[in-house]
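Colleague: Below are the chains, spelled out letter by letter.
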Amino acid sequence: MTYALKLTDLSKTFPVGRRLFGKPKASVKAVQPLSLTVAKGETLGIVGESGCGKSTLARMLVGLLEPTTGEIEIDGEALDNADPAAFGKRIQYVFQDPISSLNPRRTIRQIMESPLIHLHGMDKAARDKRIKEIFDSVNLRHEFLDRYPHEFSGGQAQRIGIARALAAEAKTLILDEPVSALDVSVQAQVLNLLADLKTELDLTYLFISHDLAVVEAVSDRIAVLYFGSVVEVGPAEEVFANPRHPYTRLLAESAPVVGRALSAPEAKESELPDPLNPPSGCAFAARCPNAQAKCREMAPELTDHGAAQVACFFPVGAD
Amino acid sequence: MTGYILKRLLSAIPVLFGITVIVFLIMALIPGDPATAILGSYATPENVEKLNRDLGLDKPLVTQYVIWLGNMLTGDFGTSFALNRPVLDEVLERFNATLVLAGTAFVLCSVLGIAAGVISASRQYGFADKAITFSVLIGISIPSFFLGMMMILVFSVNLRWFPVSGMWPIYGDRDLPALISHLTMPALALAVVATGVVARLSRSAMLEVLRQDFIRTARAKGVHERRVIWRHALKVAMVSIIPVLGIQAGFVLSGAVYIEMVFQWPGVGRMLVDAILKRDILLVQGGVVFVAACYVFFNIVVDVLQSLLDPRIKT
Amino acid sequence: MSAFLKLLARNRLALAGGVVLSVVVLLAIITPLLPLADPNVTNTAARFTKPFSEGALLGTDHLGRDLLSRLMWGTRLSLAVGFAAAVVAATLGAAIGIIAGYYGGRTDNLIMRGVDLLMAFPYILLALAIVAALGPGLFNALIAVAAVNVPFFARNIRGITVGIAHKEFVDAAKLAGLTHRQIILKEILPNVVPVIVIAMSTTIGWMILETAGLSFLGLGSQPPQADLGSMLGEARSAMIANPHTSVVPGVMILIIVMSINLLGDGVRDALDPRLKSGALSRPMAATRVERSGDIPETEGKGLLELQNLQTQFHVGNRIYKAVGGVSLNVEKGECLGIIGESGSGKSVTALSVMGLVASPPGVITGGAVRYEGEDLVGAPYGRLRDMRGRNVAYIFQDPLATLHPLYRVGDQLIEAIRAHRPISEAEGRTKAIELLKSVRIPNPEKRVSDYPHEMSGGMRQRVGIAMALANDPDVIIADEPTTALDVTVQAQILSLLDELRRSRGLAIVFITHDFGVVAQLCDRVAVMYGGRIVEEGPTTDILDRPAHPYTARLMACVPELGGGKRRLEAIPGLPPAVDRLPQGCAFAARCDRVQESCQAADVPLGGEGLHAVRCLFPFTSPQEAAE
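Residue numbers (the numbering used here), protein chains in the order written: chain A, 1 to 319; chain B, 1001 to 1315; chain C, 2001 to 2627.
In isolation and in its complexed conformation, chain A is listed as follows (with noise of 0.2 Å):
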């Protein structure tokens, strides 16, 4: 089977403290090792905290960073040159700030058009009748073109966005945070037109968050980072009703619900690892309930538990 995607222990390493010449000081993991497959037509959602790593997987998987190691397939086929370009008729990118994803010098038909001209080189009327179309699919008024970003409120712009990246006709779409930047009643009409696409397009989505419950509301399957490794990943209706890592566990615990009483469901005041220093062994061991001394020494591997895959010796509800 050709999926979508296909990432093979895709990691990165950044230098700490560049020097002119010579190697740095010290470098910082901030995606470790990881596999992940996405099918045709389906959304992956993946959540994390801040620091977990989440952009810089998204920033490699669209070539505007290099990967360390590993592979990155795309409908079967490698693409490892960190080509943004190459990846450009692939896969796209919707970012998180709809604004400054924008050039503000530029008007919406110029920013609609660079794809078209740069991935496609289509001539004047192609163009004119494909941006119609596209503008059509997002439900945005053929006058906007003629205007500047800074004319448009948020949901706006990021639905222009959105076009811009459907633009490319890639059939695969990163979306960083897309809603995270808009007010939660603008929110919901993205998300939908977001769906909406998804069916009319056939196209596949990476959904990144840190909002579990949208997460939970697009995804058909969710992978969930911590430290820049995927602790678990499962079908979306079961990762936070049933979570089996105990970090999963926390997350669900600690989103507020309407209806549940208010609780700390950690206990200690903890930070993240050091990613200078990163703990040997589970990164999540330091604040897990559960840990135990071989949790200290060795990580983890993702493990098939039911329908789910994680990462833990001692998964929650396992014994």
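Don't read these hints as lab results, they were simulated from the structure.
Just so it is clear, CB atoms sit at the ideal spot from N, CA and C, and this is done for glycine as well.
Treat the hints with care, as some may be off.
Stated by the list, open to error - Heads up, simulated BS3-like pairs for lysine-lysine below, C-alpha to C-alpha not over 25 Å straight-line:
#  : chain 1 : residue 1 : chain 2 : residue 2
1  : A       : 124       : A       : 171
2  : A       : 40        : C       : 2565
3  : C       : 2167      : A       : 89
4  : C       : 2167      : A       : 29
5  : A       : 89        : C       : 2186
6  : A       : 171       : C       : 2301
7  : C       : 2565      : A       : 198
8  : B       : 1007      : A       : 25
9  : C       : 2167      : C       : 2186
10 : C       : 2006      : B       : 1130
11 : A       : 132       : A       : 89
12 : A       : 132       : C       : 2186
13 : A       : 124       : C       : 2186
Said to hold, decoys possible - Covered stretches of chain C (chain A as the covering partner; in silico rule of three or more C-beta atoms under 8 Å from a C-beta of chain A):
#  : stretch
14 : 2097-2104
15 : 2562-2573
Chain A is already provided as a structure; the job is to place chains B and C on it using the hints.
Modeller: Quick look at chains B and C alone, frame taken from chain A:
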């Protein structure tokens, strides 16, 4: 802290090295040969050739540089042919005078400029702000040499408050009151432009800081407004003001050249201009390298101050 | 472009500078056509003629040359050289800066080390060295002045470029298949050009001064040709006897440079978007109050009582009614939630209480804020300052931005106490450690001397809470205190706040956009929309039986954990802009129950018992609301 200072000192070595290379290369651009310049156009070819050999100018460029650098490292900056005196002695003596003038002006411009900027920002659009902004505008628009000339005309010639020129009285004691009376006008004239620049920058830095969230926090705690401005806001504004003070020190040193001309101040700037007009190459080279080196060390001091102020700078 | 010119013209000083400069430039351009004497013809018999003499309007110089003529030709030369130097320096510097800033990494490193090296010279040394090498002359002075200014431009433009190169639209352009060259030309350059123009317009005056300076030293223009600087230089020796020969060129330089600076500042102000929006105004110590109408009498409801509070933002001639008449009250030990989207006025309401709304542009225009019956709106600054932190304390959203970056957290805590009562250093430290302990910061003895940047987001917010507790206030206003935090940290902070309020009997006003948080923490909740309260009542009541269509639809469009994959009930349209609020109900345009009467007149806050609602056709049953 000591480690940081050491690190900054070490990092000055390549900069100093670069400075000597740049100065050397610029001087190597001089068309014709210096010997002709020194001896004048009536010199015999034999004399020119001999002098060239004496100065080492017949050797390849790299060799010349290495010799020059080696000599400088041992404290031998060569001999000024026009003054017939070791370059280093002349430069040191002159630099002292410049240091007195530029140092005073620098202190004046830092204190006055920051105070004016803070007052201006804390009374934005008020009378004080407008008055300061206007004075600053004139300050940064007037050529310092013209200002100096006008000051001489008004305060020395007409009002006879201060002596016209020089650093010391020709007859009389070389004591502090004498120095101050000679120093007042040139230091003020020199400080005016720099004060304007510092005031402008301090004002905009303060305005930037005063809008920030932590200022609102300080007010929400009930901290007195005076303290909010002179402690909370100014401390953060200083983070962007201090590097500019470092740059301003360079501008004050530069402006000193004009002021020394106007007030006949026996400083290094006037020495350099005279040396250029007389094509006294070794004196120009030595003077430029020496002053630039001092400026590099001054900037290290600025950096260290900055790191003391801002704990976010890794030391 | 026309907008830019309009802005520029509105600035009267800039306009004046522009007019003066235009006249000077025009005169300089037509100088060859004017009936002037030859600037270089000497006439020693007529040396030092005074100004306003026959045949020599501005007099003559030491060689008897006509000063007016020399002034005009000198101006021409000075302007040309200064302008040329600025263009050369800006072009070269910008090119270097853009390349270094865009490519980053090693390219950047190497280029910037070179730039730093050039900046390690006091600039005149470099200029003098260049002139020494090339020989005195106006063209060489131009080269020297341009060369020493290149590093300044390069450094400035590089900084701007780095900022732009990390913007998301550059990533988007890469993904649209643009090459590096195309990105620099099409995406980066248009954004950098305004900065280049600003930098040029603010330094061109400086360049003219510098070239004049070199000429003054005799290193620039050589006799008999003269620019303004060398005119001054030549006049210097005769300054005492014949000051007019110095004053004439000197004043001309002053006029030129001053008009350029005025115009340059105008250009900068017109091009800088932050200045355009008035965002660079400094907020005053307390919000401006301009109350019109009657001040409402106290109704004695609650510890803190807001009565018909109105706060506006006056920007240019626009009026944003951020808070349009809000009445609220909170009792000791009670937690009141204020929920709303951005622009609903919830934060402005909270900040108005202690006069912390940034002013300009904020103005409190009506109503009252009463603490134990005392009206705080319009209270003298001293009274307000005394109550801030002592009676009413705040916790803000982003803990990194709200703590002072250069003070240790302990000192910030001590300061909060000292603002209200004298306390010794040692006592303050003990108290600070105690406070940190009370917000459950581990290892408080050590943490007390940390700087904010050394702490994690959650720890910083705990410090923020500790600071609010420092003087045992009765009311804490928390403005989205957990929005910037991760969900696991948010849970900890919320439960801490809940515990503190119960143990200390605090009244909390909690501002948020999250129904889940409100449900867990608050006793009562007020829903805001378009600057007004649209619904208010006990939390469970509102969550179970929302009466206002906005409340009901807002709850429906937010996904809740545990709901599974589903389609959300979006609210069409956008919230209204508060500078153009419609007549009647602000939600009418987005409401599916709207009737004509909704938009006819102001809708009052009605409802029964504790549950108030601002709607003519509210839901009466939960079933109705759920549909």
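Colleague: Hint by hint, note whether the structure agrees.
Modeller: Here is what the structure says about each hint:
1. With a CA separation close to 24 Å, the supplied pair residue 124 of chain A and residue 171 of chain A stays within the 25 Å bound.
2. Our distance criterion of 25 Å between C-alpha atoms is met by residue 40 of chain A and residue 2565 of chain C, whose separation comes to about 18 Å.
3. Of the pairs offered as hints, the one joining residue 2167 of chain C and residue 89 of chain A holds, with about 21 Å between alpha carbons and a cut-off of 25 Å not exceeded.
4. Between the alpha carbons of residue 2167 of chain C and residue 29 of chain A the distance comes to roughly 23 Å, so the proposed pair stays at or under 25 Å and holds.
5. Distance check on the hinted pair: residue 89 of chain A and residue 2186 of chain C sit about 21 Å apart at the alpha-carbon level, within 25 Å; holds.
6. Among the hinted pairs, residue 171 of chain A with residue 2301 of chain C is inconsistent with the structure: their alpha-carbon atoms are about 60 Å apart, more than 25 Å.
7. Restraint check for residue 2565 of chain C and residue 198 of chain A: the C-alpha separation of about 14 Å stays at or below 25 Å, so the hint holds.
8. Taken as a hint, the residue 1007 of chain B and residue 25 of chain A pair is honoured in the structure, with Cα atoms around 15 Å apart against an allowance of 25 Å.
9. Under the criterion of a C-alpha separation no larger than 25 Å, the hint pairing residue 2167 of chain C with residue 2186 of chain C is consistent with the structure, at around 14 Å.
10. Taking the CA atoms of residue 2006 of chain C and residue 1130 of chain B, the gap is about 23 Å. The hint holds against a cut of 25 Å.
11. Proposed proximity of residue 132 of chain A and residue 89 of chain A is supported: the alpha carbons are some 19 Å apart, at most 25 Å.
12. Simply put, residue 132 of chain A and residue 2186 of chain C have alpha-carbon atoms about 23 Å apart, close enough for the 25 Å limit, and the pair holds.
13. Proposed proximity of residue 124 of chain A and residue 2186 of chain C is supported: the alpha carbons are some 18 Å apart, at most 25 Å.
14. Counting residues of the stretch 2097-2104 of chain C whose CB lies closer than 8 Å to any CB of chain A gives 0, which falls below the minimum of 3, so the coverage claim is violated.
15. Counting residues of the stretch 2562-2573 of chain C whose CB falls under 8 Å from any CB of chain A gives 11; the rule of at least 3 is met.
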